[in-house]
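Trainee: The lines below spell out each chain.
There are 4 protein chains.
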Amino acid sequence: MNFLIDTVGQPKIISPLAYSNNNNDFIPNFIPDDNKIRFDTIISKDKIENSQSFEMAGPRKVIYFDPLKTKAAIVTCGGLSPGINTVINALVTELVEGYGVNSVIGFQYGFAGLVPEGGYSIVELSPELTSEWSLEAGSSLGSSRGAQDVEAMVDSLERLNINMLFAIGGDGTQRGAMEIYREVEKRNYRISIVGVPKTIDNDISYISKTFGYETAAAKASQAIEAARVEAEGAPRGVGLVKLMGRHSGAITAYASLANGNVDAVLIPESPFKLEGENGLFAWIEKQLESKDSALVVAAEGAGQELFDADNEKYDASGNKKLQNIGLLLKERITSYFQEAGVPVNLKYIDPSYIIRSTPPSPGDAVFCNRLGQNAVHAAMAGKTGLIIGLWKEDFTHIPLEAAVSRRKTVDTDGSFWGSVLQMSGQPPRFI
Amino acid sequence: MNFLIDTVGQPKIISPLAYSNNNNDFIPNFIPDDNKIRFDTIISKDKIENSQSFEMAGPRKVIYFDPLKTKAAIVTCGGLSPGINTVINALVTELVEGYGVNSVIGFQYGFAGLVPEGGYSIVELSPELTSEWSLEAGSSLGSSRGAQDVEAMVDSLERLNINMLFAIGGDGTQRGAMEIYREVEKRNYRISIVGVPKTIDNDISYISKTFGYETAAAKASQAIEAARVEAEGAPRGVGLVKLMGRHSGAITAYASLANGNVDAVLIPESPFKLEGENGLFAWIEKQLESKDSALVVAAEGAGQELFDADNEKYDASGNKKLQNIGLLLKERITSYFQEAGVPVNLKYIDPSYIIRSTPPSPGDAVFCNRLGQNAVHAAMAGKTGLIIGLWKEDFTHIPLEAAVSRRKTVDTDGSFWGSVLQMSGQPPRFI
Amino acid sequence: MNFLIDTVGQPKIISPLAYSNNNNDFIPNFIPDDNKIRFDTIISKDKIENSQSFEMAGPRKVIYFDPLKTKAAIVTCGGLSPGINTVINALVTELVEGYGVNSVIGFQYGFAGLVPEGGYSIVELSPELTSEWSLEAGSSLGSSRGAQDVEAMVDSLERLNINMLFAIGGDGTQRGAMEIYREVEKRNYRISIVGVPKTIDNDISYISKTFGYETAAAKASQAIEAARVEAEGAPRGVGLVKLMGRHSGAITAYASLANGNVDAVLIPESPFKLEGENGLFAWIEKQLESKDSALVVAAEGAGQELFDADNEKYDASGNKKLQNIGLLLKERITSYFQEAGVPVNLKYIDPSYIIRSTPPSPGDAVFCNRLGQNAVHAAMAGKTGLIIGLWKEDFTHIPLEAAVSRRKTVDTDGSFWGSVLQMSGQPPRFI
Amino acid sequence: MNFLIDTVGQPKIISPLAYSNNNNDFIPNFIPDDNKIRFDTIISKDKIENSQSFEMAGPRKVIYFDPLKTKAAIVTCGGLSPGINTVINALVTELVEGYGVNSVIGFQYGFAGLVPEGGYSIVELSPELTSEWSLEAGSSLGSSRGAQDVEAMVDSLERLNINMLFAIGGDGTQRGAMEIYREVEKRNYRISIVGVPKTIDNDISYISKTFGYETAAAKASQAIEAARVEAEGAPRGVGLVKLMGRHSGAITAYASLANGNVDAVLIPESPFKLEGENGLFAWIEKQLESKDSALVVAAEGAGQELFDADNEKYDASGNKKLQNIGLLLKERITSYFQEAGVPVNLKYIDPSYIIRSTPPSPGDAVFCNRLGQNAVHAAMAGKTGLIIGLWKEDFTHIPLEAAVSRRKTVDTDGSFWGSVLQMSGQPPRFI
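Protein chains in written order, with the numbering used here: chain A, 1 to 431; chain B, 1 to 431; chain C, 1 to 431; chain D, 1 to 431.
Calculated from the structure, these hints are not laboratory results.
You can take every hint at face value.
To spell it out: a stretch of chain A is covered by chain B in this simulated footprint if at least three of its residues, at any positions, have a beta carbon under 8 Å from a beta carbon of chain B; those stretches are:
| no. | region |
| --- | --- |
| 1 | 142-152 |
| 2 | 217-227 |
| 3 | 233-244 |
Taking lysine to aspartate or glutamate pairs in the EDC-like style, the calculated list, with each CA pair at most 16 Å apart, reads:
| no. | chain 1 | residue 1 | chain 2 | residue 2 |
| --- | --- | --- | --- | --- |
| 4 | D | K209 | B | E393 |
| 5 | B | K286 | D | E97 |
| 6 | A | K61 | C | D413 |
| 7 | C | K291 | A | E97 |
| 8 | A | K36 | C | E49 |
| 9 | C | K61 | A | D413 |
| 10 | C | K47 | A | D33 |
| 11 | B | K209 | D | E393 |
| 12 | C | K45 | A | D34 |
| 13 | B | K61 | D | D46 |
| 14 | D | K69 | D | E97 |
| 15 | C | K36 | A | E49 |
| 16 | D | K36 | B | D40 |
| 17 | B | K36 | D | D46 |
| 18 | B | K61 | D | D413 |
All residues carry an ideal CB built from backbone N, CA and C; glycine is no exception.
Please model the complete structure; the sequences and the hints are all you need to start from.
Mentor: Written out as structure tokens, the structure reads:
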């Protein structure tokens with residue numbers, strides 16, 4: 001079974017892009033529409049090969065929308081992520097300068113900008129404007145959380161004669177995009193709905209990495225380094241850092257491995273205990289004995305099992321609010337060693353939004369440029385109901401439905417987590 | 001009245017440094033021992049001129065200690081500050097390569113390293129070793145808070161045949177250094193006690209700036225920028241940042257001015273009100289109305305008058321623990337606008353130790369190199385009981401007694417605070 | 001045909017690593033020895049699928065060398081690259097802390113350190129030492145170019161009882177490693193020879209990316225940004241940047257795409273003309289007319305066809321010395337517009353070594369840690385004559401012979417180059 | 001003798017700024033018009049005190065121009081410097097939000113923007129626009145070198161009803177500003193001419209530091225660090241860096257001291273020899289013998305005496321073009337050691353424009369904000385023919401005539417150069 005992509009119609013316009021189908025002519029090639037990217041690249045006797053594949057992204061020789069008659073729209077939703085403005089600029093530049101589209105607009109403050117109740121005006125977008133934003137942090141269109149009435153949003157798209165909507169956002173956003181896509185289908189409108197997945201948590205399925213993730217993890221590694229410096233600068237110093245990552249320890253694991261000096265990496269995917277000879281406290285004490293300092297990094301979603309399941313709260317996007325594992329560890333570690341008569345100098349750092357409200361790294365900027373370009377290629381070719389992914393180094397089309405079906409987490413059986421554990425030297429589990 | 005510096009004896013050894021007393025020979029000049037730096041540089045009809053002056057720092061042609069027989073020691077105390085290792089390296093390099101001193105040691109973990117109870121070993125220091133540390137964050141000697149028995153410390157200095165002790169630290173440290181200096185005087189030992197003032201808060205009297213302050217403020221301005229991005233990225237976004245600064249708003253004011261987009265700068269020196277038409281809430285609302293976002297930065301010592309004076313706590317150095325103004329503002333701002341029916345999207349950032357556990361900026365590195373060199377010049381000349389200061393662009397000698405007599409704060413009548421207010425546009429007071 | 005890896009013997013020792021073979025036990029899994037990574041992941045009607053695959057890297061459950069009896073050696077050769085020290089630290093940490101190896105040494109200054117003529121002493125390596133180096137720029141072991149007598153090098157390995165040699169270096173280094181490997185085989189010694197490919201040019205075959213490449217490209221993008229600022233700051237400003245890349249335009253293309261404002265990207269893979277209506281000059285003039293500035297970035301190996309093939313020179317490693325395309329473009333562009341009566345303000349920037357003598361980015365640090373770990377896993381398992389690669393997001397074993405057989409270049413038919421051209425808007429060729 | 005400032009008329013309008021004249025009211029104070037800043041702060045028996053003083057900058061209680069009727073203009077000239085946009089934003093913000101001025105315009109591309117021949121249009125400036133630019137590199141107004149016809153420029157000022165012109169630029173620019181000021185005086189126009197001195201070389205008289213200098217030096221220290229890494233990474237490695245600084249070694253000295261590992265600092269102020277036992281070559285050899293590497297940093301204006309005084313060239317601003325000391329040293333050092341039979345691995349780095357086309361550091365941003373604010377205070381008070389300086393930590397007014405009368409250089413008798421020499425350990429002179 002492969003992932004099937006919907007289209008809004010049959011492409012029959014020759015693409016204006018300066019691509020060719022010839023090899024060795026120094027000119028990049030169009031992507032044949034039936035090219036696929038293998039899901040499974042590991043050949044192993046121990047498992048049956050997964051024969052799934054993704055549609056390959058890229059410019060098609062024959063496209064659906066006539067650029068001169070095309071009107072495109074962009075919306076950015078959810079929490080900020082490094083590179084949103086780079087994606088916006090890539091979308092606008094590819095539409096206007098690549099395909100010759102004349103009209104591109106931006107909705108302000110997320111889906112709220114698509115409904116009259118939001119009261120937000122529309123922004124005309126041009127490459128001159130968006131190239132100024134391109135490497136800036138944040139979203140120059142503004143963003144917001146939360147769903148809006150899907151019929152009202154599609155009414156707006158129709159009223160504004162939009163032919164394609166690019167939705168830059170995370171899990172919740174892509175669910176919203178899927179609802180819009182279904183409503184559009186129901187009404188039989190010719191509007192492409194193309195998502196660009198955005199989450200610093202890198203937790204979207206079927207996607208190797210999401211933009212902003214590496215930048216955020218890089219920024220997070222600076223907070224870890226500060227905690228290391230504090231821990232090593234004091235007698236019996238313990239550095240403790242809490243990082244974003246509600247359901248996935250990806251940022252925490254990556255940032256810790258980048259730093260290379262972390263003694264304990266705590267992620268939601270691997271429950272742990274504090275007490276006992278194999279617990280976290282004993283491991284910290286072991287570090288203090290051998291090098292007079294210890295460095296602990298926890299994802300915000302880690303150790304939720306240590307809290308009572310009493311008062312659950314939810315934010316505007318419907319996400320469950322987590323208990324603060326950072327403060328719990330700060331208090332419990334401090335009091336444990338206090339009571340044991342060997343107090344520690346614990347320094348707690350929670351960089352919070354600092355790791356995400358930052359310009360994209362050059363690597364993420366490259367990635368965002370290519371994501372935006374490929375989103376335009378997909379939409380111009382008449383593809384719809386999909387997001388742009390990266391898989392095994394190639395850009396792909398993934399149906400919205402598949403993308404939002406489940407969350408990706410750190411595979412505790414896998415080699416990445418293995419690398420993290422080898423770096424920290426910690427036991428595979430604190431139990 | 002001028003500031004008089006004590007000496008351990010009469011200098012009579014010719015300095016080995018390649019300085020001269022001739023002008024226009026392309027060779028730097030020795031500083032005559034009676035050179036002074038004016039305290040007061042502003043001439044005004046409105047005030048009587050302050051005729052105080054400082055002794056000028058710098059290399060003397062005739063010195064007291066014979067380099068070949070000199071043994072020097074270094075200790076670093078209190079919270080970390082960017083540039084501690086640069087000062088250490090400058091001290092060691094100037095002693096060994098400048099003057100030809102053969103023996104320099106480091107005490108570990110602050111004053112605790114000077115007493116047997118600490119149990120810490122002594123570190124032999126060489127330019128090869130310390131130049132590796134020089135631009136690294138933290139203190140490679142380790143640091144700690146808190147006082148130690150002064151007699152035990154001076155016993156150690158004598159037992160180790162130390163001729164000069166360099167104490168890198170803040171207010172508490174220099175008080176400790178002053179006690180050591182007095183005990184040394186009482187015992188009539190020939191040991192120079194020279195302090196290098198260290199506080200990111202820039203709150204030491206008679207000193208234009210302390211090392212690490214500008215680096216910390218620069219780092220802090222990154223947190224402000226993140227808050228700005230968050231505030232502008234959301235509808236009715238409020239960015240709120242809490243920065244270090246117990247008694248002085250220096251970091252907060254400097255980092256805010258560096259950012260240039262802060263709407264309200266809150267410092268301990270200027271009490272403020274939340275409610276009322278001239279209060280902080282009204283000002284925030286005004287910003288939200290005009291540009292849909294607001295950016296507030298508060299020093300940790302600001303607004304302490306908003307708390308009940310009930311449960312005062314003290315840390316190991318005897319400093320009063322502050323109430324958390326950041327969390328108070330977060331809660332009060334959120335609930336105020338919630339209750340007013342116009343909720344805000346508040347994003348709170350507390351970078352905490354991140355701003356100080358960072359390598360020195362190039363500017364601070366230059367400053368630290370010069371502080372360390374001048375500290376050595378002072379000690380070699382037999383000066384004692386002083387700290388090295390910077391005043392009106394020249395390095396000075398300041399008696400320990402004067403330096404610790406009172407804290408420097410932001411002058412709310414002065415032009416620096418005026419610049420901050422002109423930048424933010426806020427009223428001079430929220431009352 | 002697949003890539004076959006040699007071994008020094010039959011593994012029969014159970015690995016001491018805390019890995020398991022069970023799924024869902026929160027413990028990372030050993031890699032079965034016959035796991036393979038597909039070479040070809042694109043399924044296309046237009047081409048026959050390439051059935052090649054690579055051996056998968058990673059820890060084996062059964063290993064060849066007894067850790068307690070193992071002595072490992074590390075050598076770093078060729079030009080500097082960000083992350084060399086991170087690889088060294090990962091090798092040492094995995095050997096000592098992961099497997100329990102007691103003895104790891106480093107040769108100084110490349111292959112010259114392996115022959116008596118070099119006169120360099122050997123460095124004992126420990127995790128305490130190398131973790132201090134880990135995120136520092138350069139190579140703390142020192143590096144050098146040029147080959148050495150292979151018999152003398154293998155004599156040294158034998159005399160020192162080395163069981164495994166890790167060679168961190170580029171194309172020339174891996175050729176040297178292959179010669180050592182062959183000599184070792186000829187002598188029937190039990191010494192694993194494992195290479196870690198290092199080149200900021202990312203031009204090694206069968207490897208998705210080499211470490212240091214992304215860091216160097218990121219640093220290079222800062223030079224491009226400076227040129228952009230200069231070009232836009234002056235009337236008729238032309239920014240011109242020359243970047244490293246003798247045979248591959250990878251850094252140039254990546255850094256240009258990261259910046260996003262480059263008007264012409266010139267790489268060795270795509271020859272170009274200066275004059276004529278489709279030449280570079282005409283394109284620059286077009287940019288000046290539309291936005292009063294132009295930004296050109298050239299790889300050092302670009303446009304070599306513009307020089308006379310007269311005086312070829314070679315460096316110590318036998319690489320042909322290139323003519324300076326940067327200076328040629330600077331002169332030719334300046335004089336062209338001068339003669340045309342519309343002079344330009346050209347600002348030329350050649351960051352040279354700045355882009356490579358820099359600490360690794362967090363992303364490269366993660367990569368280097370994993371490369372080093374996997375190199376140790378390979379060597380401990382008795383694998384030899386290979387380098388560690390990354391392919392489609394998995395780490396692989398590639399025989400030295402295959403890796404050095406040909407150079408990788410930017411595929412001008414491919415989607416990466418397509419993305420670069422879409423960004424710059426330049427015609428696919430200047431002809 | 002003091003520095004006298006001209007005025008365009010008698011102030012009689014009460015300032016709208018929220019300043020007071022009371023102490024301890026938490027409100028910043030107006031500056032009395034006759035406040036002065038001492039030139040000389042060192043008291044020494046060895047010299048006669050210089051009794052000169054500067055007028056103190058800052059907001060006056062009574063001002064000359066009626067904000068509602070004021071039209072201000074800004075021009076930026078000469079080479080780029082970090083912080084130009086920050087000064088522009090501070091000028092615009094203080095004018096519009098501080099004083100309530102309604103009309104501020106910018107001339108494009110330097111003085112060329114003031115004459116009809118330039119053909120450049122005028123830019124309306126607002127705080128909304130300029131705050132976007134504030135922390136960006138370069139000049140968003142554009143800049144250019146070279147003089148323009150002064151009568152034509154003053155004609156433009158009159159035609160546009162400009163009341164005050166702010167000229168941001170270096171030595172040449174301030175000479176141009178002085179000519180405009182004299183022409184304005186001749187015509188008896190009521191136009192304030194206020195300069196903001198801009199040069200990364202920090203070579204303007206009577207000014208402690210110019211904006212951009214510390215940022216550029218900080219950036220330059222990164223190039224030095226790269227050269228250090230290269231030098232230490234190769235056997236007998238020599239790192240050689242050339243930095244900007246035509247007549248002043250300020251950047252070179254500051255950046256070298258910030259790095260702390262430079263062995264030889266070469267500046268225009270201190271001529272040197274290459275050969276001989278006290279020459280540079282011998283010093284380099286001494287470093288190579290003791291630590292196998294050497295690090296040399298030269299200002300572009302250093303060692304010009306080593307060239308034949310044959311072919312002098314001049315640029316558009318009339319500055320003499322220098323011979324390339326970097327390339328000369330590269331060639332001479334290489335060939336010297338080649339001929340001596342002990343060749344070196346020399347790595348040459350010329351960061352050129354990279355050090356100046358960069359955003360301002362936070363410290364420079366603070367400085368630029370205050371410079372811009374004080375320039376507005378001066379102009380609003382009716383002061384003219386002056387530039388804003390910083391002297392002994394206070395902002396000052398300096399008559400244009402005095403400021404351009406001579407260049408500031410590094411005082412080789414002074415303590416800053418002394419600190420540099422103590423750091424490098426080099427002899428005071430290579431002769």
